[in-house]
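Produce the entire structure from the sequences given, and follow the hints as far as they go.
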Amino acid sequence: MKLWEFTGHELLEKLAHQEITQEEILGALDKRREEVEPKVKAFLRFEKTPGPENLSGPGGFQGLPIAVKDNICIKNRPVTCASRILEGFHPPYDATVIQKLKAAGFSIYGQTNMDEFAFGSSCENSSYFPTRNPWNLECVPGGSSGGSAAAVACGEAIWALGSDTGGSIRQPASFCGVVGLKPTYGRVSRYGLIAFASSLDQIGPFARDIEDCSLLLKVIAGYDPKDSTSANLSVPDFLLSLGKDIKGIKIGVPKEYFSLSADRALEGIAQEVKQALEEAIEQLKKLGAKVQEVSLPHTEYAVSVYYILATAEASSNLARFDGVQYGLRTEAVDNLTEMYKRTRQAGFGSEAKRRIMLGTYCLSHGYYEAYYLRALKVRALIANDFADVFKDFDCLITPTSPTPAFKLGEKIQNPLAMYLSDIYTISINLAGLPAISIPCGFSSGGLPIGMQIIAGSFDEEMLFRVAHCYEDSTSWHKMRPKI
Amino acid sequence: MEYEAVIGLEVHAQLKTRSKAFCGCMAEFGAPANSLTCPVCLGFPGSLPVLNEKALEYGLRAALALHCSVQSFSKFDRKNYFYPDLPKNYQISQYDLPLALGGFLEIEVSGAKKRIGIIRAHLEEDAGKLIHEEGHSLVDYNRAGVPLLEIVSAPEIYSPEQAYEYLASLKAILKYLEVCDCDMEKGSLRCDANVSLRKPGAKELGIKAELKNMNSFKAVRDALNYELKRQKEVLESGGSIRQETRLWDEVSGKTQAMRSKEEAMDYRYFPEPDLPPFVLSDEEIETIREGLPELPQALKQRFISQYELNSYDAGILTSEKALAEFFEACVGLYPRAKAICNWISGPLSYEFNSRNTRIESLKLKPEMLVRLIKLVEQGVLSNLAAKALLSEMLNSGRPADELIKEKDLTQVSDTKALDELLDKVIADNPGSVMDYNSGKANALMFLVGQAMRLSKGKANPKLVQEALRRRLNNA
Numbered sequence: 001m002k003l004w005e006f007t008g009h010e011l012l013e014k015l016a017h018q019e020i021t022q023e024e025i026l027g028a029l030d031k032r033r034e035e036v037e038p039k040v041k042a043f044l045r046f047e048k049t050p051g052p053e054n055l056s057g058p059g060g061f062q063g064l065p066i067a068v069k070d071n072i073c074i075k076n077r078p079v080t081c082a083s084r085i086l087e088g089f090h091p092p093y094d095a096t097v098i099q100k101l102k103a104a105g106f107s108i109y110g111q112t113n114m115d116e117f118a119f120g121s122s123c124e125n126s127s128y129f130p131t132r133n134p135w136n137l138e139c140v141p142g143g144s145s146g147g148s149a150a151a152v153a154c155g156e157a158i159w160a161l162g163s164d165t166g167g168s169i170r171q172p173a174s175f176c177g178v179v180g181l182k183p184t185y186g187r188v189s190r191y192g193l194i195a196f197a198s199s200l201d202q203i204g205p206f207a208r209d210i211e212d213c214s215l216l217l218k219v220i221a222g223y224d225p226k227d228s229t230s231a232n233l234s235v236p237d238f239l240l241s242l243g244k245d246i247k248g249i250k251i252g253v254p255k256e257y258f259s260l261s262a263d264r265a266l267e268g269i270a271q272e273v274k275q276a277l278e279e280a281i282e283q284l285k286k287l288g289a290k291v292q293e294v295s296l297p298h299t300e301y302a303v304s305v306y307y308i309l310a311t312a313e314a315s316s317n318l319a320r321f322d323g324v325q326y327g328l329r330t331e332a333v334d335n336l337t338e339m340y341k342r343t344r345q346a347g348f349g350s351e352a353k354r355r356i357m358l359g360t361y362c363l364s365h366g367y368y369e370a371y372y373l374r375a376l377k378v379r380a381l382i383a384n385d386f387a388d389v390f391k392d393f394d395c396l397i398t399p400t401s402p403t404p405a406f407k408l409g410e411k412i413q414n415p416l417a418m419y420l421s422d423i424y425t426i427s428i429n430l431a432g433l434p435a436i437s438i439p440c441g442f443s444s445g446g447l448p449i450g451m452q453i454i455a456g457s458f459d460e461e462m463l464f465r466v467a468h469c470y471e472d473s474t475s476w477h478k479m480r481p482k483i
Numbered sequence: 001m002e003y004e005a006v007i008g009l010e011v012h013a014q015l016k017t018r019s020k021a022f023c024g025c026m027a028e029f030g031a032p033a034n035s036l037t038c039p040v041c042l043g044f045p046g047s048l049p050v051l052n053e054k055a056l057e058y059g060l061r062a063a064l065a066l067h068c069s070v071q072s073f074s075k076f077d078r079k080n081y082f083y084p085d086l087p088k089n090y091q092i093s094q095y096d097l098p099l100a101l102g103g104f105l106e107i108e109v110s111g112a113k114k115r116i117g118i119i120r121a122h123l124e125e126d127a128g129k130l131i132h133e134e135g136h137s138l139v140d141y142n143r144a145g146v147p148l149l150e151i152v153s154a155p156e157i158y159s160p161e162q163a164y165e166y167l168a169s170l171k172a173i174l175k176y177l178e179v180c181d182c183d184m185e186k187g188s189l190r191c192d193a194n195v196s197l198r199k200p201g202a203k204e205l206g207i208k209a210e211l212k213n214m215n216s217f218k219a220v221r222d223a224l225n226y227e228l229k230r231q232k233e234v235l236e237s238g239g240s241i242r243q244e245t246r247l248w249d250e251v252s253g254k255t256q257a258m259r260s261k262e263e264a265m266d267y268r269y270f271p272e273p274d275l276p277p278f279v280l281s282d283e284e285i286e287t288i289r290e291g292l293p294e295l296p297q298a299l300k301q302r303f304i305s306q307y308e309l310n311s312y313d314a315g316i317l318t319s320e321k322a323l324a325e326f327f328e329a330c331v332g333l334y335p336r337a338k339a340i341c342n343w344i345s346g347p348l349s350y351e352f353n354s355r356n357t358r359i360e361s362l363k364l365k366p367e368m369l370v371r372l373i374k375l376v377e378q379g380v381l382s383n384l385a386a387k388a389l390l391s392e393m394l395n396s397g398r399p400a401d402e403l404i405k406e407k408d409l410t411q412v413s414d415t416k417a418l419d420e421l422l423d424k425v426i427a428d429n430p431g432s433v434m435d436y437n438s439g440k441a442n443a444l445m446f447l448v449g450q451a452m453r454l455s456k457g458k459a460n461p462k463l464v465q466e467a468l469r470r471r472l473n474n475a
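Top to bottom, those sequences are chains A and B. So the first sequence is numbered by this note's numbering: it starts at 1 and just counts up by one. So the second sequence is numbered by this note's numbering: it starts at 1 and just counts up by one.
Heads up, a few of these hints could be off.
To be verified - DSSO-like mimics (lysine-lysine), calculated; alpha carbons at most 27 Å apart, straight line:
| hint | chain 1 | residue 1 | chain 2 | residue 2 |
| --- | --- | --- | --- | --- |
| 1 | A | K285 | A | K391 |
| 2 | B | K261 | B | K232 |
| 3 | A | K226 | B | K75 |
| 4 | B | K261 | A | K377 |
No wet-lab data here; the hints were simulated from the structure.
Below, the structure is given as structure tokens:
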């Protein structure tokens, strides 16, 4: 086995036993990156291999490198959200999660590709280049955190951070065959995350197994006085949730998530995905869980509600990119309005423009009540569906995405089809709940399939417990792409 | 045709918290451009606002003092519009669930009391400042993010004078609460006015104009007077009023149309997702209510009844909280309220007005003023000398007795010195002496004045006058 194939906790153990050195690990990752990066293109930018001064961090992570999605601010490094409009901007501060990573002894490695401002599910909306799926270079890695998922999947990075507004961590994790977690809204500080939709965004970890995922969440989670929406709760030791059995754990399977195809303009859940999920459910039953069908009656409204609320917030969050203080500014204009127009016209890609237009429309006088306000009400109903179910169940199991990774170009001309690829993940953001995607099988074409586990608010421990128990009894997480 | 004026005022009061509304930057006036900024108030990507609890507390104090009902559940909203002085291109404000609703402010116009309704009071952040130069514009973000309280009156103000009194009353209250400096010229208090005319007795409001760009209370009154006259002329000539925003031009003394209703912006308000709604318990609200100081009108009434002052004197003493406190401290030491009042509203007010300063920044302690008054009453100092001494005391912060000893200011009342003084005055001013003798009584006062001048204020003017009259009548 090559060094890049090991997980973070395995490498830390080897370091502790002095079986290997940090230099060897970094050398192996460098070499791996040189091999696969030209094909996968996971990174927008790369910091040269961390020097020895970074290798003696105090927090126990021994300078192991972590990749970061390019919408998280790192002091004095460029950050672009894969957009032209932020060209030249160097944030003068670290995001709270970056401060925590540094304190824990991680070295901040490259910054990964994404859909522009996290608008997309394929990484094709990057203004720079698309990232490719390490399992099949013809396919997308998912999005928007496609670069982070691909980098972890192909061994360019041990860990990565992404952000998830409607599935942007979980969907690419499922497409790339890695573990990706969206924490409960408020679990991880958003300070320094360039906002897409503030009421839905959460930063979360990518890793190759549950133990690594839980280690990384422990580092980045916790109350932050700089984020008024972060929860003032202590962070449990998630490692204690690993290795427990799941006998008697009550798992719900929302029927709506398996039957959406009949009356929707959607090809529906792929047979292979459905089959993989059914096998996973059988496995969980074998492990002692009690599985039962449940209903989340407002599920069918989730995508509509999401695209109203998320674009409304985005239209306001992106207003600040105007050429006045930082980033792109088109020169040679006659007046202020022209400066605004031409800067934003040149700086934003077409999906960003589409969402800004849509969000602006939804908030406009005369439409606010019919769209934004109504969506806000339905959001509460969706959250109530989950609250009702979690009175009787410990967690829910669903597919992460209705299909495995699709081909580059397949959906880029059809925004609605692209939006529907997040149909299983969106509700969870609307309800603010934690959810994880873990590998649970492969398609006949050799593409990974992901299973989503959803838990009640701030019950990430339950996610880790069930996910780890399942992972321990299967070997999907040990598969590596042959690239 | 007679018309009734209907006016509503929207006041923006800068809350004088140490730091800004949503970040830790200092909220000061006059610092070098952009020196009081950080990623949050500059709206840098990824930064997030955190509410300054002091701004909330100051807002609550003002709302309670204006008899508003503070809302137990309130939230922030985003007001979206593009302008370079607005770093995020939205302003954090409050829309449908403001901090406080439904209060009133009492004003006094020509001796009669009147209540003006307050519709709402809400918190928001200030914008930066544009500086236009030849060929380009600059932005100073020092003011961006400074907390503001917007106070909206009901359309229950019926004349420019009432509007002036409303502002004066509001200023007094906000200053008493120590939540705002209320300096319109520095922009710490800003006022827009909605104004319309209607036929007397009509229930419905006429079409209004919104007036902006008034930089003093007087400008508000002048702009309203002009605008009412303009609207009346339009109506009388058979025209109709356009709903529009008009700018007051101080130089020409006119209002000019800026934008019409059709051009009004759509602010696309929606709940600010970066700040959770805030919930206030009855206990929290009561704690703030109990901490409110005695407000100017109540204090004035108490001064009138407790110290037997007239309304005018009580009004002056309670015009500023520090002044009222100084007065009460003095009375506590020496219970001659009227004398103390006269000294405060007379010589002392003159001193701090001419120094363009405020009583709290003067180096005068209540016991120092009381001692000075006693010295005059005991005949040790003349009034004139005491006034001069007061100025010295304010400059040096030293007590009267020390300065008297040092400068030998004790009143000249021994007869020999007085005789010598009068000899010189009479010899130097033969013309005035002749005038007096020919029956012009005023000439005596001139000679007294000369004697005071010669003695550098040390002579006792009463004695000088008596002695002079005696000498001239006997001559």
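Do the hints match the structure? See the list:
Proposed proximity of A/K285 and A/K391 is supported: the alpha carbons are some 20 Å apart, at most 27 Å. Between B/K261 and B/K232 the CA atoms are separated by roughly 20 Å; this keeps the pair inside 27 Å, and the hint holds. The hinted pair formed by A/K226 and B/K75 meets the criterion: a straight-line CA distance of about 18 Å does not exceed 27 Å. A distance of roughly 32 Å separates the Cα atoms of B/K261 and A/K377; the hinted pair therefore is violated under the 27 Å criterion.
Violated hint for the displayed structure: number 4, the only one.
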